[in-house]
Every structure is written in C-alpha cells, then in structure tokens.
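*Asks:* Protein chains in written order, with this note's numbering: chain H, 6 to 158; chain A, 163 to 893.
You may find that some hints are simply not true.
[As the list claims (entries may be wrong)] Far from chain A, by Cβ distances over 10 Å, these chain H residues were calculated:
#, residue
1, 31
2, 35
3, 56
4, 68
5, 71
6, 79
7, 117
8, 134
9, 145
10, 153
11, 156
[What the hints assert, rightly or not] Listed below are the simulated DSBU-like cross-link pairs for lysine-lysine, each with C-alpha atoms no more than 30 Å apart in a straight line:
#, chain 1, residue 1, chain 2, residue 2
12, A, 367, A, 337
13, H, 118, A, 357
14, H, 75, A, 378
15, A, 892, H, 149
16, A, 886, A, 777
17, H, 149, A, 378
18, A, 420, A, 255
19, A, 337, H, 149
20, A, 777, A, 892
21, H, 149, A, 364
22, A, 378, A, 367
23, H, 118, A, 378
Keep in mind the hints are simulated off the structure, nothing from the lab. All values derive from a computational prediction rather than experimental measurement. By construction, the Cβ of each residue, glycine as well, lies at the ideal position given by its N, Cα and C atoms.
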Amino acid sequence: MARLNVNGSIVDVDVEPDTPLLWVLREQIGLTGTKYGCGIAQCGACTVHVDGVATRSCALPVSALTEDQKIVTIEGLSPDGSHPVQRAWAELDVPQCGYCQAGMIMAAAALLKDNPRPTDADIDVEITNICRCGTYNRVRAAIKLAANGGRTG
Amino acid sequence: MTIAEHVSHRTQVSRRDFIVGSAAALGGFSLGFHVPFGREAAAQDAVREINAWVVVNPDDTVVIRIARSEMGQGTLTGLAQLVAEELECDWSKVTTEYPTPGQNLARNRVWGSFATGGSRGIRDSHEYVRKGGAAARQMLIQAAANAWNVPASECRAENSVITHIPTGRTTTFGKVAAAAARLEPPQDPPLKDPKDWKIAGKPLKRLDTAAKLTGKQVYGIDLKLPGMLNAAIKACPVFGGKVRRFDAAAVQNMPGVKRVVQVGDNAVAVVADTWWRAKTALDALPIEWDEGPNANVSSATIAEMLRAGLDADDAVVGNQRGDVRAALAAAAKRVEAVYSYPFQNHATMEPMNATAVWTPDRCEVWTPTQNGEAALAATAEAAGLPPSKCDVHKLHLGGGFGRRGAVHDWVHQVVAIAKQMPGTPVKLIWSREEDMLHGRYHPVTQCKLVGGLDAHGNLTALHMRISGQSIVAGIFPQNIQNGRDPVVFQGLNPGGAEAAFGYTIPNLLIDHAMRNTHVPPGFWRGVNLNHNAIYLECFMDELAHAAGVDPLEFRRRLMANHPRHLAVLNAVAERAGWGKPAPAGVHRGLAQIMGFGSYVAACAEVSVSDDGVLKIHRIVAATDPGHAVNPQQIEAQVEGSFVYGLSAALYGECTVANGRIEQENFDTYQVMRIDEMPAVETIVMPSGGFWGGVGEPTIAVAAPAVLNAIFAATGKRIRDLPLKNHDLRKA
Ligand code: FES
Ligand code: FES
Chain H
6 MARLNVNGSI
16 VDVDVEPDTP
26 LLWVLREQIG
36 LTGTKYGCGI
46 AQCGACTVHV
56 DGVATRSCAL
66 PVSALTEDQK
76 IVTIEGLSPD
86 GSHPVQRAWA
96 ELDVPQCGYC
106 QAGMIMAAAA
116 LLKDNPRPTD
126 ADIDVEITNI
136 CRCGTYNRVR
146 AAIKLAANGG
156 RTG
Chain A
163 MTIAEHVSHR
173 TQVSRRDFIV
183 GSAAALGGFS
193 LGFHVPFGRE
203 AAAQDAVREI
213 NAWVVVNPDD
223 TVVIRIARSE
233 MGQGTLTGLA
243 QLVAEELECD
253 WSKVTTEYPT
263 PGQNLARNRV
273 WGSFATGGSR
283 GIRDSHEYVR
293 KGGAAARQML
303 IQAAANAWNV
313 PASECRAENS
323 VITHIPTGRT
333 TTFGKVAAAA
343 ARLEPPQDPP
353 LKDPKDWKIA
363 GKPLKRLDTA
373 AKLTGKQVYG
383 IDLKLPGMLN
393 AAIKACPVFG
403 GKVRRFDAAA
413 VQNMPGVKRV
423 VQVGDNAVAV
433 VADTWWRAKT
443 ALDALPIEWD
453 EGPNANVSSA
463 TIAEMLRAGL
473 DADDAVVGNQ
483 RGDVRAALAA
493 AAKRVEAVYS
503 YPFQNHATME
513 PMNATAVWTP
523 DRCEVWTPTQ
533 NGEAALAATA
543 EAAGLPPSKC
553 DVHKLHLGGG
563 FGRRGAVHDW
573 VHQVVAIAKQ
583 MPGTPVKLIW
593 SREEDMLHGR
603 YHPVTQCKLV
613 GGLDAHGNLT
623 ALHMRISGQS
633 IVAGIFPQNI
643 QNGRDPVVFQ
653 GLNPGGAEAA
663 FGYTIPNLLI
673 DHAMRNTHVP
683 PGFWRGVNLN
693 HNAIYLECFM
703 DELAHAAGVD
713 PLEFRRRLMA
723 NHPRHLAVLN
733 AVAERAGWGK
743 PAPAGVHRGL
753 AQIMGFGSYV
763 AACAEVSVSD
773 DGVLKIHRIV
783 AATDPGHAVN
793 PQQIEAQVEG
803 SFVYGLSAAL
813 YGECTVANGR
823 IEQENFDTYQ
833 VMRIDEMPAV
843 ETIVMPSGGF
853 WGGVGEPTIA
863 VAAPAVLNAI
873 FAATGKRIRD
883 LPLKNHDLRK
893 A
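Full structure from sequences and hints, please.
*Replies:* See the structure below:
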C-alpha cells in the first residue's frame, strides 16, 4: 500500500513497495502520459515533478515517497495544455513521434521554474532527455521562446 | 457484421468501455480509444464517405483517411495536405483516421499499400491520394450542380464552399456530401500543377501535435482494454537458441502472476495483472536456454569473416565501367583504404509492444506498426486463421526507423501468448533490454577501396568492394536474384531514379561479397546508404588529399554529368563558406549522395580540442526532393536525421560476445543528447519533375561530412565507427 499526492489528489494504491513510481502512475492510476523508455534513469521519458523537481520516475520506488510530496505528471502540468512550455512547444511544432515529449516538457518546465532565463549552457546541463527522433534544436528554441514569455527574439 | 462491429461484439467492449476510469478523477485525461468505423460510425460513413479517402460530415468537417503510418516523420500531415489541396477543403476542418488493413483487404486494397518505409510514405502514394481528393471534389461539385440544375463546369469549390460562378449561389461540402456520395466517381481526374498549390507545399503545422503535449496521445504501450492482462517476455539472448526448460512454479505465486507460458521455441513470457509484476516475476524466473550453434560467435569472428570477403572472388557487380584493374595498374598513384561499419539497434523510444485478443474464430491486434498489412499477415499466421478473420488496429508509433516495418516478431509473440488464453486481451511490452537484445540490426559491412590517380591528380579508376550482410537475404530471401541484393548498392547504382552514383569515373567497379551473420539484419533508417556514403565520401576526401586537390574541386571534376548531385553540393559549399576562412579552430568537411529518390549534401564544421574533444558546431544540409510538400517538416526531418546519423557515428555500436548482443540499455548504447547537437541549416531546393523522400537521405551525409572535417582538424582518418572508440588528439 502507498498513499500518494498526484496532480493535487490523494490516491491510495495497492502495490509492492519497490514498484517504481512510473509503473504506479501508468498501471494503477492510469496516467499513461508519463512514458517508459529505459527503466534505468537514462532517457528521461518518465520525468515527473516531485515537489517541483524534475524526477525520473522509473528509478523511484513508491516506498520512497510520502503523501506530503506533491507529484505532478504531464496530465497535471496545466488543465488545458496552456502551460507556457506547452504553448511554446505548440508554436514551434516541436514533437515528432512525441514519445519523449512529455518528459522533455516536464524537464523544461522544471528548469524554467528555477531558472527563468536559461543560457544555452544551462539547457545543455539540465535537459539530458533522449529524443530518438532528434527534436533537440526545436526543444532548445521552444525553451527560449517560453522563457521569453512566448516572444521570439 | 462489419469488422469493427465484430471486434466490439466478440470482445464485449463498447467504445465507452475503453475509457480508463481513474485517470479522469485525478485530473488526467480519459484515454478514449477510438475504434475507427465503430458500429454507428459505419452506418453513417456509408452516407458520408465520398470515396475511400474522403469523408465529409454535415458540419463540413472533413476526415481524410491515411493508409501510411505516422511515426513522427510528418507523413500523416503531408498526405492530408495533398488530399486537401485537391479537395479544396477548409484545412482548419480536417482530421485524419487510419483505415485498418482488414478493411483494406475487404475492400480489394482500395487504399493501396500500407507500407511506411524507405521514405516512401508520400512519394509512392502522392498521385493516387491526390486523385482521391480531386475525385471527391468533382463529386461534391457535381452534387451541387445537380441540386441547382446547372452544369458542373459553371461551379467552383474553394475552402469547402461551392459557388455557382454565374449566379454567385453557394453551398457547402457538408450540405451536398450525402448526394455526392451516391454519384459515380470520375475516372482519372486531372491534378493541379504544383505551382498552384495553396495547402500542399506550405509549411503548415502538424495535425497531430496537441495530444503529444498533454499526455493524451495513446501509443501502443498505453492501450488498455477491459479485462486486459500484461505480459513481459524473454527470448533466448543468443540468436537461433531455444528454451530448454523453465520453472514456472518458482514464480507462480508472486504478486499478480496469472500464467507463465512458452512462446514459440525460443521465448518465455509471464502474464500478470500489471506489466511491472509480470516483469518482476520474469526476472525471478529460472530459465535454461539451449544456446544453439552460435554461442561462440563474437564481433571478432564476424569481422574476420567479413575481412575475407574483401578479396574474395564470389562478388556480385553493382556498377561497372571501363577496366578498373588495368587502369589501377597504370595509375600514377594508388590509394587504398579499408573501412567498416558496426551493428546498430534502432532503439525507438517506445519499445516493441502489441495487444491481442484471440478466439478460435477471430484474432485482433492493436500495435504500432509501419506496415499494417504486414502486421495483419503476421497476425493471421500466428493465429492460425485466414487474414479475413483477423484485423490489426494501428496505434501511434513512438518511433519506427525501420524496426516496425518488415518484420513483426513481437506481433507473432503476442498472438502466441493470447492464443494460450482465449478471449483474454493480453498486452505484451518488451523491456528496453529485450528491445536491445532482439533488434533487427543495421547490417555490418566492411569496404575496401582502391583508387588510381593520374599525374594531374585526376581520378582514373575506383574499385569499391563491399563485404558483408544483406538485409534482403535476411528478411526477403526470395528477392535475392542470382546472389544479388540490389539494396546493397544504394547510392552507388549506375543510374535510376532511386539512388544513383553521382560521379563519372572512367574505370569503375563496385561489387559486393555477401557475408551473412546469425545476427539478424533490418532496414535501419537510411539503410545501406549510411555506410555506403561514409565509404565513398570519406574515400573521395582521401583521394582529393592524395591528389593535392581541394575536396570540393576534386568532386566537381567528376560531377559534370550529374547536375542535381552537383547542385546540392554547391549549395552547401556556398552557404557554409567553403574556401573562405572558418572561425579559429573550426574545420570543414563535405559529403554528398543520392538516396530514396532525393539528392542530398552536407558541410560540417567541427573543432577538436587539444585533449581530443570533438565539437560539431554547425551542419549545412541541402536536399532536393523534387517536390516539397511541407518545407518546415522537411527541416524537422533533416535535423532529426542528423541526430540519428550522428548518434550512430559518435556512439552507435552493438558488439557481439558469446553469440549475443552486449549492449542492453542506453547506459552502454549511448545516443546524442541536446548538448552535442549542432546548429543545422537546411536548404530545401526542390527542382521539380520527380518525387523523392525526406525522412532518410540526409542521415547518410552527416557522418562522412563530420569525419572529413575531423580529418581536416586532426589529420586523422577514422575508418571504423563509432567515434567513441577513437582517440582524436592530434597525432
Ligand atoms: S524510463 Fe526513466 S529515465 Fe528512461
Ligand atoms: S519526438 Fe520521438 S523520441 Fe522524441
């Protein structure tokens, strides 16, 4: 049993304590926007926010979480896809297959919260998610667009 | 009963039941899985379907049917643009849907091929999908003309509105759709001249973005059916090995476990209530393998076999001119080099997965696939049922890159599991480790190149001997004719519209000694063009250097008869400032090739620090695909292709030890990340008159352009990849 705070709701799930948060989100709670890519904290597809910090949920057992820690998934980032990062992503048509993008967006949103005007070097260090389709240049441009309040230049 | 009705009837699920209940309560989105052509939809579509490609609803919304698969490459949007262009509909009212391969079968293949590979999504189907749009427009106009009792020739359609020109009367597509659907379709409607395009050819945004930003997009791995169980699988890690025994009792009582089943002769699966529990039990399951005859094969033994092919007599000729042996003997200077290219895994972000329900008289599969028809054939074969009693529902792909097209091994597996649990939906997900160990790998090859230069530094002879795997022999052996795999010579063919050699060399021989391995090959984004371009374009650089001639000038001398190859090369050279000073410490390299019907070139700018750290600053890329259906998506494809090609060049290598692949996850199979991404400047220069692909060709020029720039920076020739294995410090 675990009690979690997910997207503002308290939820009880009946799982083995070593079950990674990723699979609890996907299988017990039904929030499948958070993706499985590697299971070993390498790719970032499973990135969620735990108390505002970008966290790779595939390597985080639910037993390590308490109900006081606020988990936000891509489904909870904004009610209607209107988070500045989501808007910038739409503006620049960032996704290709899209599979990595929930993790990218969550990583970018966490970065901008802590560092509203990231430099290229900041982006290089903080955005380590893998995108096999190769959207990196649009990801970078969209982070800058979001940082600039949606204005280019 | 229609096919879709049959699905819901037999599995006892209605569309509403596909909703994942708890997600909505948590502010999540309901994952409503839409079965296209559900019962009510089928009845209405009978009225609203203008033809196989176009459905017009009374509210003027238009549904365009797309037979090819969307895997990130933008084909869905591009094909819809082409149909909408001819249809003259309001683009803001367009949505798309996939017909199923079962429907295609039942309707005499009205949608043609479903295959989505070889950068063929648009170039192979643009004509008939545009005709589908044009025919639908004519029928809608005719229906309006009939209602007004005027000649159709006096009416025009634009933006989903039909106008009778002489009177100015108007109506909309939605109002006449039902009448139009009853008309006889016109034969061979004329198509617009691309110069008049308003929707096609424009940098429109993709139709499939919104759901990818909110977690709403349902990929195969996300599908949930009522009563569904989840399976995790392990196949013998040595290709060709088998299951000897496993101890199901050891895990039977673990949480959630329902069944432990053998799958074929080489794999074992655990079926549980959730996938994590299935995987946990599978990891604990004692399995003993019969590793078979390949358990001693290693990368070294494979390399040795390939090396022997470099000078073997059993080679098949791909391109020949003059007398290469005599010319080499007479050359003032001979240059010789041996290159090689490793196995690589596609590593799609979404691992292989599929969901199946099997009963004795029906089998349904839901899966991300690049080829719905091939997936249907795999389903039928594994189900032991005729294809007419099966269907496949295509789900959005989390990447394809060739892995999900020609071979549907995971579909065979899921059906084999579902068959052991009749009536229960089972979703099979491969772990990343399973995906890495059971790929269909980029083929391994080596290449020996020998060039002859005359006293003026002109190239008089070139022999290019490729030794190694044939993908076609591995996947479609029936297509090997007289020992020849035509795909091996991608980019090196004497001519043709697909992948022609871009140089005229008086004495030329390009041949292939086929050397196959037990590691199964596959079509890997870019296919044989990737290594062929490295071999050819890096060696061209070596020859230019040996001749003491500028690499651009050296190529130009050989390209007078190849104006389109030359045009893209000139374009990148000019944009990159070839021949002009580069920023301090920055060095340039060039490459060009033709593949998948398009002409491509790249100029890379790199620097290498004193301690050997490579930085790729910028790549200028040019592509001439004949026609450009969506320029901004072509730019995205070029950038993406460079990430794929440079990931391969920098890190991509699957090595073999004890018959199995050694790299099991992204920790040992690294790929490029954002910090290594160069600036990419894309020149899209469609010259018209032909249709080339855009998803793959530019991959091939990324690596050779970078390798040539590394030589310029360091004096080091890297002839085997990946670069991570090399010390780039100046010699
Ligand atoms: S799935 Fe968690 S980092 Fe890859
Ligand atoms: S968009 Fe496909 S993996 Fe990133």
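*Asks:* Identify every previously stated hint that the structure contradicts and give their numbers, smallest first.
*Replies:* As far as the earlier hints go, 1, 2, 6, 8, 9, 13, 15, 18 and 19 are violated by this structure, in ascending order.
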